Every structure is written in structure tokens, then in C-alpha cells.
Amino acid sequence: MRRSAQYTIAVLAASIVIGGCSSPWNDPYPANQVHGDIVYSAFTAQPKYLDPARAYSADEYVFLGQIYEPPFQYQYLDRPYRLVPLTATTVSKPSYLDSAGHRIAAGAHAAYSVYVIHIRPGIRYQPDPCFARTADGAYRYYPLQPGALKGRYRLSDFHHTGTRELTAADYVYEIKRLADPRLHSPIYGLMSGYIVGWKQFGKTLAAVYQDHRQGAFVDLRRYPLTGVKALGRYTYSITIRGRYPQFRYWLAMPFFAPMPWEADRFFSQPGMAAHNITLNWYPVGTGPYMLTVNNPNREMVLKRNPNFHKETYPRHGGPGDAAQGLLHDAGKRLPFVNEAVFSLEKESIPYWNKFLQGYYDRSGIGAENFDQVVRIGPHGHPRLTREMRRRHMSLSAQVQTAIYFYGFNMLDPVVGGYSRRARDLRRAISVAINIEHEISIFQNGRAVPAQGPIPPGIFGYREGQAGINPYVYRWAHGLPRRRSLAYARRLLAKAGYPNGRSARTGRQLVLYFDAVATGATDQEMLAWMRKQFAKLNIDLVVRATDYNRFQDKVRRGDVQIFSWGWNADYPDPENFLFLLYGPNSKMASGGENVTNYNDPAFNRLFLQVKDMGNTPARARLIGKMVRIAQRDAPWVWGYYPEQYVLSQPWYFNAKPSLMANNTLKYIRIDPKLRARLRRRWNPPVLWPLAVLGLVLGAIFAPAILEYRRRERRRPL
Amino acid sequence: MIRYIIRRALYAIPILFGVNLLTFVLFFVVNSPNDMARFHLGFKRVTPQAIVQWKHDHGYDKPMLFNDRAKGVQKITQTVFFQRSMKLFVFDFGRSDEGRDIGYDIRQRMWPSLAIALPTFVIGILVNITTALFLVFFRSTYLDWLGRLALVAMMSVSSLFYIIGGQYLFGKTLRLVPISGYAPGLHAFKFVVLPVVIGVISGIGASGRLYRAFFLEEIEKDYVRTARAKGLSEMSVLFRHVLKNAMIPILTSVVVVVPSLFLGSLIMESFFGIPGLGAYTLDAINAQDFATVRAMVFLGSLFYIVGLALTDITYMLVDPRIRLK
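So the sequence lines, in the order shown, correspond to chains A and B.
Letter by letter, the first sequence follows residues 1 to 716 of this note's numbering.
Letter by letter, the second sequence follows residues 1 to 325 of this note's numbering.
Keep in mind that the hints were calculated from the coordinates and are not lab data.
Because the structure is a prediction, the values reported are computed rather than measured.
Hints should not be assumed to be uniformly reliable.
As the list claims (entries may be wrong) - Below 20 Å or equal to it, Euclidean Cα-Cα: the simulated PhoX-like pairs (lysine-lysine) are:
#: 1; chain 1: B; residue 1: K87; chain 2: B; residue 2: K75
#: 2; chain 1: A; residue 1: K203; chain 2: B; residue 2: K75
#: 3; chain 1: A; residue 1: K203; chain 2: A; residue 2: K229
#: 4; chain 1: A; residue 1: K332; chain 2: A; residue 2: K553
#: 5; chain 1: A; residue 1: K553; chain 2: B; residue 2: K87
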């Protein structure tokens with residue numbers, strides 16, 4: 001007995017010593033993960049939706065992109081972005097039909113476009129209780145007996161799992177779910193203009209739900225949707241109205257991923273929602289990873305899906321990819337890492353410090369840390385500082401497919417309208433607002449001044465002299481140069497405001513700027529903005545407000561000048577040009593044209609351009625549209641933001657992709673190198689504690705002496 | 001005492017009703033149901049129909065406080081206020097606007113909050129009392145003067161400074177503990193030690209001074225002089241006599257916060273990534289989740305009322321002269 005106690009103590013002591021050696025004291029992860037093939041990342045905002053029918057934000061796609069598999073995906077390395085099959089056998093091209101349903105030539109006017117998609121056989125879902133069956137073939141967890149949910153608040157409380165093969169019917173089922181009025185899919189409105197029979201299907205479901213209890217299972221397989229059909233076990237078709245070439249990009253988003261009807265039925269059982277067991281919380285997919293821990297208050301964990309189908313790393317990439325080692329794993333089977341741990345990290349300071357200690361594999365660069373990490377060279381190229389180079393960090397920088405701009409409300413009587421006066425006023429302001437300064441001061445140089453609505457990397461973007469906005473810039477010495485303030489003042493005078501005063505009344509021009517501003521840095525930005533207008537002697541009144549009020553004001557057109565931004569859904573110029581398409585006006589139709597710009601020539605060209613393939617003719621027409629918009633200046637074009645990401649030396653195959661959201665499967669890490677560097681970077685420093693002890697001793701020693709002296713003192 | 005407790009419980013009902021009403025009004029002054037719908041549906045491509053449907057599904061399509069189209073008592077019951085707020089009185093917290101069971105989430109998240117708040121509270125009281133007694137023992141000496149100076153300096157520093165400074169010193173520079181994070185069970189120790197240390201240190205300034213004042217008030221009283229006259233050592237006087245009598249005001253300032261320990265700390269939990277109820281409340285406010293906000297405000301008010309009642313009861317228990325009527 002005594003020997004066994006000694007043995008136990010020895011083992012415990014050894015394990016503490018070994019544990020202490022293998023994992024630094026400040027390691028936030030369990031000691032058994034030290035050498036694990038695990039990616040460590042963080043999320044700052046909790047994902048609201050993990051149901052592919054509802055999710056529509058980057059915070060959600062970080063997880064969903066790894067779990068659900070739509071038929072297409074973006075090739076990981078190619079630029080410009082290119083669609084390739086994911087579960088489909090090919091990226092199908094649509095066939096076009098006339099109104100009678102007869103096939104027509106590609107160039108003719110089409111009443112319908114039909115996408116026929118063939119998926120690969122043999123793809124299987126992740127293990128999930130919704131598929132679990134008993135020995136006699138019945139579903140184990142359907143229907144649940146009364147009381148079966150007692151004590152069950154997590155999916156892992158259902159111990160049996162099963163799987164089945166992916167079929168075309170699962171894709172059809174998910175598309176039907178998008179029309180489900182209970183799910184509030186964000187693309188319901190958009191798709192109702194395209195998918196044939198969609199609106200009627202939504203109405204049918206609304207009527208069906210009136211006869212069912214809230215949240216009850218309605219088997220969508222029983223209700224046909226005219227435009228979406230399973231043509232066989234592995235083939236389905238989607239019929240949309242007219243031509244909509246951009247539709248193929250939607251087929252690379254989780255909205256169009258498959259959903260097994262068993263999952264819908266399993267999670268819709270009575271009592272499941274009350275126990276927080278919902279499809280929105282526990283995704284069921286065929287992707288390389290499955291969500292095994294969903295605690296968005298602390299941690300989310302993706303683990304390798306044991307049933308994942310065969311997929312390999314791309315064999316071809318863009319120029320320079322091979323030199324950067326991005327083709328080192330060409331042809332190897334995906335995914336590489338077994339697990340990805342995402343920790344909730346709401347504040348940027350702890351996140352950054354933990355990244356420097358090696359506990360996160362990648363990090364963006366905050367404004368407060370920028371100088372510690374990056375030096376901008378004489379030609380504007382970013383370079384890592386010596387400290388970061390010593391740590392063998394790597395930096396990737398990429399201009400995002402997004403734009404931030406200042407909008408003029410085109411319905412406003414002062415800054416809006418299409419008269420010469422109004423154009424000159426807007427152009428004068430466009431010249432006076434020095435975007436280059438804004439980028440330098442507020443973005444640490446991490447953005448490219450915008451010349452028009454289309455950012456780099458999107459078809460139709462023009463580089464060099466041909467691409468500049470001639471109303472704001474001139475081309476000199478091989479670079480675009482902002483026009484002078486004198487030029488802006490001349491324009492302002494032509495607009496009827498010489499030196500910022502009305503030529504008619506003599507009063508100073510007062511303009512109103514609406515912005516979301518709640519923090520201290522926002523005030524600096526607003527002060528800077530006032531200065532830009534003051535250069536033209538225009539008095540800018542800032543109306544800072546919260547996000548809700550601001551959105552509401554823009555919707556009602558109760559704004560004059562305001563800041564706005566747009567992040568692309570897909571890499572097509574239509575996704576930017578539609579922001580200026582008249583019928584999309586925010587006030588008239590609730591669309592995304594927030595400035596309510598409406599130019600007939602632009603609108604006409606938009607209708608032509610949106611259905612075209614990426615041909616030289618399309619590029620020409622886009623050029624015309626951009627020129628019209630530059631002439632009318634409904635936006636101060638602002639900037640295209642640039643994304644800087646730092647990666648640790650053990651992190652491989654990282655190529656920034658602004659479109660693909662299923663990139664985790666390509667990532668490879670070297671866990672041994674990580675463990676070694678973490679140990680080297682994180683030895684505990686103990687001597688300050690000894691110093692602290694000495695200081696405390698120095699403080700308390702006289703106190704103790706005084707205490708003793710008092711206690712020895714004889715009473716009087 | 002039973003009658004007293006019943007009376008306090010009855011007083012609590014109109015107070016809680018008022019808090020509920022105030023929360024409701026304040027929340028909807030800032031966020032309209034349309035704003036909430038847009039927030040939950042996302043800001044891209046939201047159609048007016050989707051907003052109407054969301055409000056209908058979540059019960060925000062009813063009139064706010066008074067339904068003039070309904071009949072009889074339904075004029076009151078068929079309102080957003082009644083439907084969303086009155087069930088709280090039977091502790092039915094309902095579902096969050098995201099569809100989660102709020103009661104379950106509260107039960108899950110109170111433990112991480114307690115893991116920090118409870119040790120901070122207990123150790124904090126011990127450290128603060130010890131500090132105050134130390135200063136009282138050396139009153140009117142340079143140690144007292146230096147100590148008071150240090151306490152004033154400590155209470156003048158923002159709690160955010162302690163958090164960031166603590167993370168920087170102990171987590172980043174000395175690398176003794178993780179900078180942030182949390183793990184359940186015994187693994188929580190290495191994550192909670194720093195927040196607890198910071199919580200204790202940041203509280204010394206204000207509480208140490210307050211307790212010192214309590215002790216000084218007692219130390220000049222006759223019974224202390226009598227104790228000294230009996231020949232008791234100064235330490236015995238302080239710990240046996242002064243401490244006991246000064247506990248009454250200390251208890252009043254301490255017991256009131258005991259029930260609120262469940263609710264956690266907004267800033268501490270946010271910076272340390274602790275998944276407690278403080279972070280839960282903050283997230284709900286940011287997410288415009290009225291269902292969760294009103295549940296947490298209700299709980300906060302309830303705990304405060306319970307804390308006040310407990311203070312009164314404790315008063316009576318430690319001072320036999322006091323009787324509750």
C-alpha cells in the first residue's frame with residue numbers, strides 16, 4: 001500500500017515536471033494539445049447563425065465554409081478568381097430557353113436559364129445523430145419518446161451517430177428552405193426575382209405553417225418548387241428567369257449547400273429548440289470539418305470529418321505561387337490539419353499579445369501595433385520590422401474587393417441633382433477631400449485611393465492612366481496626382497459658391513455630414529472631415545449618430561453627405577455597378593443604391609452589362625459606365641481597403657482569398673516547430689517576483705520592528 | 001422577521017415592475033422593433049417583408065404598451081410589454097431573440113462569473129480588512145501616511161488600467177499565466193488567478209480606506225480603552241474587539257453585493273474572455289437582444305433587492321440591539 005502511494009506520488013511529480021517542461025506556464029491550451037496538428041484562431045464576434053439558409057456574414061462563413069459544401073468553389077490559388085467544382089462534376093454552363101421552353105442560342109433573348117448540376121457519387125455526410133439508426137433500420141432518434149430529452153442540452157448527449165450519401169435531392173431541399181418564411185433567409189427577396197416558382201412556393205409554405213405548431217417539421221419534399229428539381233440521384237436543375245450569369249457565384253455560397261431532410265426533421269422535434277438543440281446551432285454537412293464544440297461564449301472547435309470525400313490540393317497556381325511555396329503540397333490529399341480551435345477574443349490587446357506569444361497562428365494588424373510590425377518603404381511597399389523578421393513571421397497584403405466612399409444624396413436640393421452646378425459642387429468637394437491623407441492618417445497607408453466603383457481584382461478595373469478619374473486626378477510622372485485646391489475652388493465658384501459663399505445671398509455654404517460615430521477615434525475622423533470642407537470655406541455640420549438611426553436616415557433620404565461601404569458578394573463588376581443602378585434606389589425601392597443615383601444612360605448600360613460574359617465588349621461598356629459615374633460624381637470615390645495579415649513561421653499555404661471561405665482545408669502547420677518556438681518565446685520570468693518580495697520585505701520590516709517595539713514597551 | 005421578509009417581498013413587486021417598465025422604455029427609445037429586425041436579419045439585402053415577418057415571429061408586431069384595438073383586459077395583455085416582460089415575475093425568462101433558452105444560458109454562465117467573483121470577494125475582504133487594521137495599528141506614523149497615500153493612488157486608477165497592466169505584466173512580460181481565456185473545472189485555475197489578483201488589488205484602494213475609517217471610529221471608544229487597561233496587547237484589542245464591532249458597517253457594505261456576484265463583471269469578463277454573465281449582458285446589449293437584456297436587468301434588480309434585505313437581516317444578527325419591524 002505504502003509502495004503504491006509512493007509510486008503514485010512519483011508518477012504525479014513526474015507528470016508535473018514533464019508537463020511543465022512540455023508546455024509553458026502561460027499556455028492557454030490543454031497540455032495534451034502541445035504537439036497536435038491543430039490550427040489556433042480566434043473570433044471577435046459570435047456567429048449569429050450557423051444555418052446555411054440564414055448565415056450571410058464573414059463571422060459565420062469562417063465556420064460554415066468548412067462544414068457545408070455548395071456545388072462550386074473558388075480555385076484557391078488562381079487570380080482573378082475562378083469557379084471550380086466542389087461536389088459537382090463540372091461548373092455547369094446554363095442552357096437558355098425561350099418563353100415556350102425551347103432551347104435557344106446563347107446570344108438570343110432568353111426567357112429562362114437552366115442550370116443542370118451533376119454531383120459526384122460517394123460523398124457522405126459527417127457522422128450525426130440525425131442519421132443514427134437501430135439494428136432494425138429505424139431511426140434511433142426519431143420520433144423521440146416523451147421524456148427522452150431529459151438532461152439533454154447538447155448534441156453530444158445523443159451518443160449514436162450515422163451517415164448517408166449526399167444526393168441531389170439534398171440540394172433541392174436546401175433551396176426550398178431558402179424560401180421558407182420562418183427562416184428569413186437574406187436572399188429570399190433577391191432570389192424571388194429569379195428562381196421560377198419561388199414566390200408561389202413561399203406562399204404555399206406560409207399557408208402550410210398556419211396549420212402547424214411553431215417550429216414543427218414540415219417535409220419540404222412534399223411540396224414541389226417549379227424551378228428546382230432533382231432529375232436523378234445525382235443530378236438537379238435550377239431554372240431562373242432571364243439571364244443572370246452571376247447566379248453561378250451564388251452556387252459557391254453556403255446558401256446553396258445541401259441539407260439532408262433527416263437533419264431538418266430531427267431538429268424540428270418537439271422540445272429540441274427549448275433545449276437549445278437546433279439546426280442553427282449544430283450544422284450537418286459533408287465538408288472537411290465538423291463542428292464538435294459550439295460554445296460561442298468561449299470556444300468553437302472544428303474537427304476533421306472522418307467521412308470527407310477525396311479532394312486534393314491544387315496543382316496549379318498564379319504567378320509567384322510556386323516561389324512562395326504555395327505549390328509545395330500540390331496534389332496532396334486534403335485537409336491537412338486535424339482540428340481548428342477558435343477562441344473568443346473580444347479585445348484586440350489580449351489577441352495581439354497572445355499572437356506574439358505563439359498562441360494564435362495568424363493575426364491582422366491593428367492601428368496601435370502597426371509601427372511595431374510594418375515599415376512602409378519609399379515606394380509604398382510594406383516591409384516587416386526587424387523584430388518580426390527575427391521571429392520569421394510572414395506578411396501578406398491584398399487589396400480587398402470592397403470600397404469605402406462618401407455618398408451624396410442625389411435627391412438633395414443642394415448637393416444632389418444632375419445640373420452643371422450640382423456636378424461642379426460635388427466635383428469640387430471630391431477634389432478637396434484628400435483621400436490620400438485619410439489613408440495615411442487613419443488607415444496606416446493600408447488602402448488604395450479609388451478612381452471609380454470597381455476595385456482591383458474585379459473585371460472592368462482599369463489600371464494606370466486609363467483608369468484614373470479625370471475629374472479629381474491628373475496623370476503626371478507616371479502616377480495619378482490629385483488636382484489642386486485652386487482647381488476645386490474654381491469649380492466651387494462655377495457652382496455658384498465663390499470662396500464658399502453663395503453668389504446669390506452671400507451666405508456661407510453649410511453642408512451636413514451624417515456618420516456613425518460613437519467612439520473617440522470617430523471624433524478625430526470627423527474633425528479631419530470638417531477640415532477638408534473648411535479648405536473650400538464650406539461649413540460642415542456633422543450629424544453623428546448611432547448605427548440604427550443612421551441606417552434609418554439613409555433609408556428615408558434624410559441625409560446630404562454620408563459615409564458608406566460595400567463588400568463584394570462575388571467577383572463580378574455587376575456586384576459594384578448595381579450600387580449605382582437607378583431602380584435599386586434606397587428611397588424608391590429599398591435597394592442598395594444608397595445615393596439614389598439615377599442616370600438613364602448608366603441604367604441602360606447596366607442592363608446590357610450585367611448579362612454579359614467577361615469579354616472585351618463588356619470591358620468597354622463598363623468603362624463607359626464608370627466614366628458616366630465619374631462625371632456625375634454621386635460618390636467621393638474613397639478607397640479600396642488593403643488587408644494585411646501576419647502568419648507565424650509554422651503556418652503554410654496561406655494565400656489571402658477574399659471570395660473563398662472554405663480555405664481551412666488547404667492550411668498545413670508544423671506543430672513541432674510551433675511547440676519549440678512557443679517554449680522558446682515563453683519562459684516564465686521569476687526574478688521580478690523575488691524583487692517584489694524584497695520590496696515588500698523592505699516595507700514590512702520596519703513595521704514589524706515597530707510592532708515589536710510597541711509590544712515590549714511597558715505600560716505607563 | 002418572517003413578517004419583515006414578506007413585507008420586503010411585497011415591496012419588491014412594484015419596484016421590479018418599475019424597473020421592467022423603465023428598461024422597456026429605455027430600450028425601445030434607442031432600438032425600434034424595425035432596427036432589431038434589421039440587426040438580426042443582417043443589413044445586406046433585407047426586404048421589408050422579411051422585417052414584417054421577423055417582427056411577427058418574435059412578437060414585436062404588437063403595440064408597445066397599450067393595444068387599443070383589443071378588447072377588455074387584452075388591451076394590456078396583447079402588448080409587447082406584457083408579453084415580453086411580465087413572465088419574468090414567474091421566472092420564465094423565455095427565449096432570446098436568437099431563439100436560445102435564456103434560463104439555461106444563465107445557469108451555464110453563472111459558474112464562470114462565480115469562479116472569478118467569489119474568490120475576488122472573499123480574498124478581497126480579507127486583504128482589505130488586514131490592510132485597514134495594519135494602517136490603524138500604525139496610525140499617525142509615517143507608515144499610516146504612506147499607506148493612505150498608496151490607497152488614494154490605487155483608488156484613483158481606472159480598473160481598465162489594472163486589467164491591461166496586469167495582463168501586460170503577469171501575462172505578457174513575466175509569462176506566468178495565460179493572458180486571457182477560460183477552461184471549465186479545475187483547469188480554470190490558471191485562467192482565473194490573474195483576474196482574481198487584479199480584482200483584489202484594484203479594490204484595496206477604496207475599501208481599505210473605508211474600512212480604516214470604520215476601525216478608527218471604533219478605536220477611540222470606551223470599551224477599547226477598557227480592553228487596553230486590562231493589559232491586552234494591541235493586536236488582541238484590534239482583532240478581538242475593534243474588528244468585531246466594526247464588522248457591522250463592513251457587513252452593510254459587503255452583504256448587499258453578495259447576490260450580485262452571480263452577475264459577473266462586464267469589463268473583466270470581456271478582457272479575459274471569461275464566458276460569464278457580465279459578458280452575456282454586454283453581448284445582449286450589443287446584439288439588441290431585448291429578451292436577454294430585460295432578463296438580466298430583472299435579475300440584477302432582484303439580486304439588489306435581495307442583497308438589501310439580507311443586509312438588514314445580517315444587521316439584526318450581528319447587533320442584538322437592532323430589531324426588524
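*Is it true that the CA of K203 of chain A sits at most 20 Å from the CA of K75 of chain B?*
violated (31 Å)
*asked:* So if I understand the rule, the pair passes when the alpha-carbon distance is 20 Å or less; does K203 of chain A with K229 of chain A pass?
replied: holds (18 Å)
*Is K87 of chain B within 20 Å of K75 of chain B, Cα to Cα?*
holds (17 Å)
_Satisfaction of hint between K553 of chain A and K332 of chain A, Cα-Cα up to 20 Å_ = violated (53 Å)
*Hey, K553 of chain A versus K87 of chain B, does the alpha-carbon distance stay inside 20 Å?*
Between K553 of chain A and K87 of chain B the Cα gap is close to 35 Å, so the pair fails against 20 Å, i.e. violated.
Of the numbered hints given earlier, the model fails hints 2, 4 and 5; all others are met.
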